[in-house]
Every structure is written in structure tokens, then in C-alpha cells.
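Those sequence lines, one after another, are chains A and B. Numbered per this note's numbering, the first sequence spans residues 32 to 421. Numbered per this note's numbering, the second sequence spans residues 8 to 306.
None of these hints come from the bench; they were simulated from the model. All C-beta atoms, glycine included, are put in the ideal place defined by N, C-alpha and C. You may find that some hints are simply not true.
Example chain B residues on the side facing chain A (calculated, C-beta under 7 Å, incomplete) [stated by the list, open to error]:
1) Gly46
2) Tyr209
3) Leu212
4) Val214
5) Gly215
6) Gly216
7) Ala217
8) Leu218
9) Phe219
10) Gly229
11) Pro230
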Amino acid sequence: MKKVITGDHAVAIGAKLSRADVVPAYPITPQTLIIEHIADFVNDGEMDAKFLTMESEHSVMSAAAAASAAGARVFTATSSQGLAFMYEMLYATAPLRLPVVMVNANRTLTAPPGIWCEYNDSMGVRDSGWLQVYVEDNQEALDMVIQSYRIAEDKRVLLPVMPCIDGFVLTHTVEPVEVPQQQDVDSFLPPYTPDIILDPERPAMIGTLMPAEYIMEMRRQTADAFESAKKVIQEVNDEFAKKLGRNYGGMIDTYRMEDAEAALITIGTVTSTSREVVDDLRKAGKKVGIVKLRFFRPFPSEELRKVLSGVSAVGVFDRSISYHGGGPAYNEVRSTLYGLMIPVINHLAGIGGRDVTKEQIVKMFDLTLKAAKGEKVKEIYWHNTRGETV
Amino acid sequence: MFEVRFHGRGGQGAVMAAQTLAEAAVIEGNYAVAFPFFGAERRGAPVLAFTRIDAKKIYSKTQVYAPDCVVVLDDSLLDTIDVVAGLKPDGMVVINSKEKPQDIDLGKEIKTAAVDATSVALEILKAPITNTAILGAFAKAAGLIRIESLEEAIKRRFGEKLGEKVGERNAMAARTAYEKTVIGKSKGIKKLESRKQWLPAYQELPVGGALFEGKTEAGLIGPGSFIENKVSGWATFRPLRDKEKCTMCLLCWFYCPEGTIVRISDRGDLMTNYDYCKGCGICANECPVDAIKMVRARV
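All chains, please: the whole structure from these sequences, using the hints.
Shown next, in the form of C-alpha cells:
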């Protein structure tokens, strides 16, 4: 059934269709609509979940981890300052292997205070042990909530997953979304059956103090789960495509990369706009394509090396800055392509929610093509930034 | 470079001892570092502290694995820890013990200095904090630091923290122990063994480190495994209850932080499980009718 809904509404429906048992929540713009929709679902008897209004995001994630340890399927959502306030508990959830799913509505992290899209909130927790996936439209937002549970709860993974959706550009934008049938979701996503849960009938210890004799092994184990996750993400993507009819590519997606000389690596909704830009540029005879960075953790190193091995230059879009030269995606991509001798350029744009226009994306491709032809270009470009020349 | 490893229990002042020794070495114109290593610190739990002394700046930030001297603040540690592990062949042990060196079994015959630091501390400091007394023994046995430098270091560190009087009393404890220290050679009959540890490879570690009740070669793991962790050896004192005075108000039962006081309901009586009593004395302190006395646990 097609519905014309916001990204927040789509995400809420995703949580309902996934039959989340517990939803601890604290509202924050632009995530608020997610929580409000879920509150309605629970109130109207459409969703059989325990809805907990907590006193802070720190408590939200504490409750989420605890409910997950007790065997519940847990959903929550946050944004920006809320995510920052959870910081401590994010690090508690992952190594304890609690498969919580939390949507982050990307929003600039103060200062200066703002409510619009930037990735400096979720990128700041990229090493907390959460899987992260960035989506480009409301359909993908809904579908990735469902897929996230399959990935998170897989016994080879058992890690929390954070689908990230662009604040306002998705959260508050309506577009048609195909809402899957409950029975189709049920056949794709079986109930959560953890091996160890906190149950007084069979006492277990989870998250107790560990001296140095164990923590290296804990980290090694979690790192291993990230490796396994790559395979699981692909399997889940393929099965979802078969059962529900939409294929997102898995770790990455590509667009018109067949004979591309220059590739632009995109994240989130800029991918969507860039598809139209690529079509225009291709019409003008320019050999360009897009690689959509879907998962940022685990990072798709093997996939990128494979798909980029034939290009002459790579541009990387970043919606946040890492303060030591370029954005996080740029630095990861450069590290991934080490040894391939392909020039990599960083395109910083859209920070603080500034609109990323087609003209800016054309510029990103032009500069990347220049590099592909061996012309001298800068390493890092601040697009549409007063005082900078691009 | 001279390296010292201190074995003590939380509350005995091993860390302060290591720091004070470093300060004494610095007073004599050396360079010295001191640092602790402990787990979830609790009064009575085994702790380690280290001191390194050299004529030039010390860059090494690792723990000490081949000490020149081992200082043992509590001889009950010999039951669960191989205190001489890694000790250099010509190294020595300074130990708090009522016994003479030749009667102390350290698993090998080695130069040993013994002093009853607990009695010295109880007499002079009125508390079983043995760190300054054992440092006196160290000064005598090692011949590395003069007792005067040690007294000065003690006065500075303890005086700064706890007042001039406490500093002077602690210096006196060191001097008294210095004079009482007996130097000889230990016995080497039994083999000292540290308690086994469960050390799984990362592939064997349960997912997320979550544990059910379980048994390994090194003992129990998971919920309830602390039943194996008997702590009676930690106690310097233990509570003795006078049944005549006791009114069964249950304040001691309520306050015991370890739950070692058990109600025997059919007799309307109380029992202390000494296996798990660390001798903290809270029960005696809380008893409103003075029915509980703390007495020396080991004599």
C-alpha cells in the first residue's frame, strides 16, 4: 500500500512492522515525529509495545540496553544533542552485543545551535561499536529499520544498528512510500531469540567489571563481529530484495559506474540529487558515476576498492568536518584506497543544513574530472562557503 | 636501576609505601618513580605497587616483572600469590611476619628480612597500617636508602596529608621496625602458586562477555562464583559477639557490607560467616550495646 508520508512517519511504521517490544523515548527535533507516531500506534492498540517516556537520552539508552538484555526487541530514535547525551551508554550497548535499533535523525551538533542536517552528530560516535547506515529516501528509511533488526539480531553479528536519516530533508518531507504488508515483514523478520537474557530463573552476568586480562579479547571479539556483519548485510539485502522487492545493494550502491572516469562518493540524500546530476552530465558526454556509501560502519573497504579500481579520480562528499583535514568519509576512503594511486578529493558541503544544490554537485564532478585528467586541483574544497573559492 | 615490587592489601598503604620510597630516593639525589596496580579496590583485596630507583631519569612505564626486591606487607598473601615470581636470583624479600626468616617458606632460599610490622604499627600508630614500618625494614635490609632519608620522606608525605604529628609517628614506626628487623635466609620447601585464572581466547569468550553459572579449570565463573573467593585471610581483626550483651536488635546484620552475619531463625540467634568477613569492624562500630569486640584474627 502506497502512503504519502514523512521520513519520520516511515521510520515509525518500520518499527511497528518490526514488532518492537520496547520503545524508550525522549523527543528532539527533527526526530520528534517518530516518537509521536509510535506513541499514537501504541495508544491506538496498533502496536503491542511498552512505550517508556524517559527523563533524558542517557536514560533512554540505559533503558534500551537493559530491555534488550532482558530479551526484548528494542527501538528508539534520537538526534544531535540527544545522541551526544547518550554517548556513554552507546559504548555500553555494543560490546555487550545488544541488538538495539535506533534511528538517528541527523542534525547539527551545537555550537552554534541549529536544527538542520549535518553528520557531525552520528560521525562522532562512529567508533562506539554501532553499525551505521545512511539512507537517501523515506522508502529506504522504512526498509532499513526492518533490515537493521535482521542484521543486528543475526547470531554472527549481535550488534546495535543506527540507521541515519537526513534531518528535515527526509524527516519532514513527504513522499510516496510503499508500506509492506505485516505478513511479508513477519516472514522476513522472525522473532528475536537471544541465547543469553537476564532472567532470575537462570541467573546470568552481563556487563560486569572486567580487568585488563579480558578487555582486549572483548574488543577483538567485537571487531570480529563487525567483519561478520559485512557478509550478513549482503545476505539480508539480497533476501529483502527477493521477499519484498527492493534491492539497495548492501554495503554500497552504485549508479552509472560502468565506464566512469570520475566517481563521486555520496552519503544520504545528496545521493538522490546526484542521480539526476549524473544523468545530465552523462547526456553531456561526461563519464561520471556515483558510489553511495550506505554503511559507514562496518566500512565497505573491499567493495570500494573493487568498484573504484577503474576510475581515474574519486570525489568524496562529506557533510561534517574532522578538523584535521577534510571530513570523516574522505579520510576513510583515502585510507581504503591506499596504494591504488587514485587522486581523492574532498567535497565539503551542506554543513549546518545548508542546501546542497545541483550546481554544487556539478562543481564536485567537474573538479573530480579535472583531477581525473591529471590537472592540478586542491585536496579539500569547501563548497558554497563565503571566503572560499571553488 | 633498582626495582621494587610491593605486595599488600587494600588499606595497608602499599601505594603510599611505594611513593614514600621513591621520595626518599629522590631526597638522596636519585630519580625514582612509583605507581600502583589494583583492580576494583576494596579494603583487604590484594594490591600491587612498584618503585623504580636510578641515578638517571627513568623512561620505562611498564610494570616491574624482575624486581630486585619484593616487599610483602601481609604474609597471608603467601597463600594465594607467588610473591617471589620473577625476583632476581640475587634479589631479596622484605616481609611483615612474626616469624624469623629461616622459618618463612618462600618457595626458595633467598635473602629475607622479616619484621612484625603489624605489631609495630598497632603499638605506635594504633592501626594495622604497616606501610611505614615495612619501609623501615626495607631500609635496613636493602642498604639502598638511609633510614634518615626515609624518615624525612615519611614526615613530608604523611605530614602533608595527615598532619605533622601523624608524620612523626609514622617516621617512628619506620625507625622502630628498622631496629627490630632480622635478616637471614628463607626456607624453600613448598612451591608458592598464584591462584589460577580463567583466561579464554577471544573466540572462547562468551558473546559480549555474558556469563551463566559455570565451572572452568581455574574455578567457578559467572553468577555465584564469588563463593570461592574466601576472604578470611584479609582480616587483621575479626568480630566476637557477646551473646549475653546482645539484644538482637539486628543493626550489625543490617550494616554488614558483605552479608556475612546470618540470622538463624529457629534459634533466634546470629552467626558470623568468617570465610567472607574482612574484619572491617562496622558491626562493632554500629552495635549500640557494645556487644561486639574486634580481636586479632591472626597472631
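- Query: Which of the numbered hints above does this structure break?
  - Reply: Violated hints: none at all, because every hint is consistent with the structure.
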